[in-house]
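Under my numbering, the residues of the sequence shown are numbered 1 to 274, in order.
Derived from the structure by calculation, the hints contain no laboratory data.
Idealized CB from N, CA, C, for every residue including glycine.
Possibly wrong hints are sitting among the right ones.
Listed next, with one range per pair, are the computed distances between beta-carbon atoms [claimed, not checked]:
1) A184 to D217: 28 to 38 Å
2) Q104 to P183: 42 to 52 Å
3) E128 to V255: 14 to 24 Å
4) D217 to Q104: 49 to 59 Å
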Amino acid sequence: MNKPPLHLHLISDSTGETVHQIARACLAQFPNVRTTEHIWTLVRSERHVDAVIRGVERNPGILLMSVVDPEVRHTLESHCKARRIPHVSVLDPVVDLLGGLLGQPVENRPGGQRQLDTAYFDRMAAVEFAVSHDDGLNMNELTEADILLVGVSRSSKTPTSMYLAHRGYKVANYALVPNVQFPAYYLDGVHVFVVGLTNDSKRLSVLRKTRQIAISDEANTSYSDIDQITAEVRDARRLFAHHGWPVIDVTRRSVEETAAAVIQLHTKWLEETR
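Build out the structure end to end from the sequences listed, making use of the hints.
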């Protein structure tokens, strides 16, 4: 007999995105658990707190909160303790640790992470940069780039570029094409971190066949031919080795994992080249 779903009450004094993402990340560790989410946003008064508690009493479960106002949080915690409702303030451990290390008081700003600050606009500019420098476009503007991704077709260059852009990195990417020499002259005098992306030949063949079907290009058999792809991957690795570029094999990596590896290598490169 199936167990009833776990009722998960997500409380926020802002949009609720922070506590929702944290809850999702934690629940991913328990894939067999069914949950029903109850999302309570803009909880900023005692009246709102009362409504939340009534909702939890109707559907008993766990309460996760991202509430920075100390009075509202204290009221929620008091109600939870009185009713023995399992609860946790998801940001408190990190905020308390930072406050202690920095020796600074907490400002308690609801939705503070959503402020339209310089970092936000930098990320938007990075996204625009990734779009306008995708697949070898505007290579003459690499002086503005933080990172250049190089790889054969279907090696996750574009999705990785976009993911990194949302992290604030200006990323260009270049697709290697058979019998077309990489334009290395664009890198002359340019301080940009270059990473080679590669993929398993069989995996690439599957991805390319899927792409051909999607764009009705099945006639181009060489594009997904395993021997042709093997040669492309071999030539790409030779290019990477010739220039001394680090290589990331994306075969068994998600886009997030590939981006994390790029960031780690980029950070090390910055430390070594300063």
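Right, here's what the structure says about each hint:
1. A184 to D217: 28 to 38 Å: holds (30 Å)
2. Q104 to P183: 42 to 52 Å: holds (49 Å)
3. E128 to V255: 14 to 24 Å: Since the Cβ atoms of E128 and V255 sit about 19 Å apart, the hinted range of 14 to 24 Å holds.
4. D217 to Q104: 49 to 59 Å: Since the Cβ atoms of D217 and Q104 sit about 58 Å apart, the hinted range of 49 to 59 Å holds.
Hint compliance for this structure: no hint is broken.
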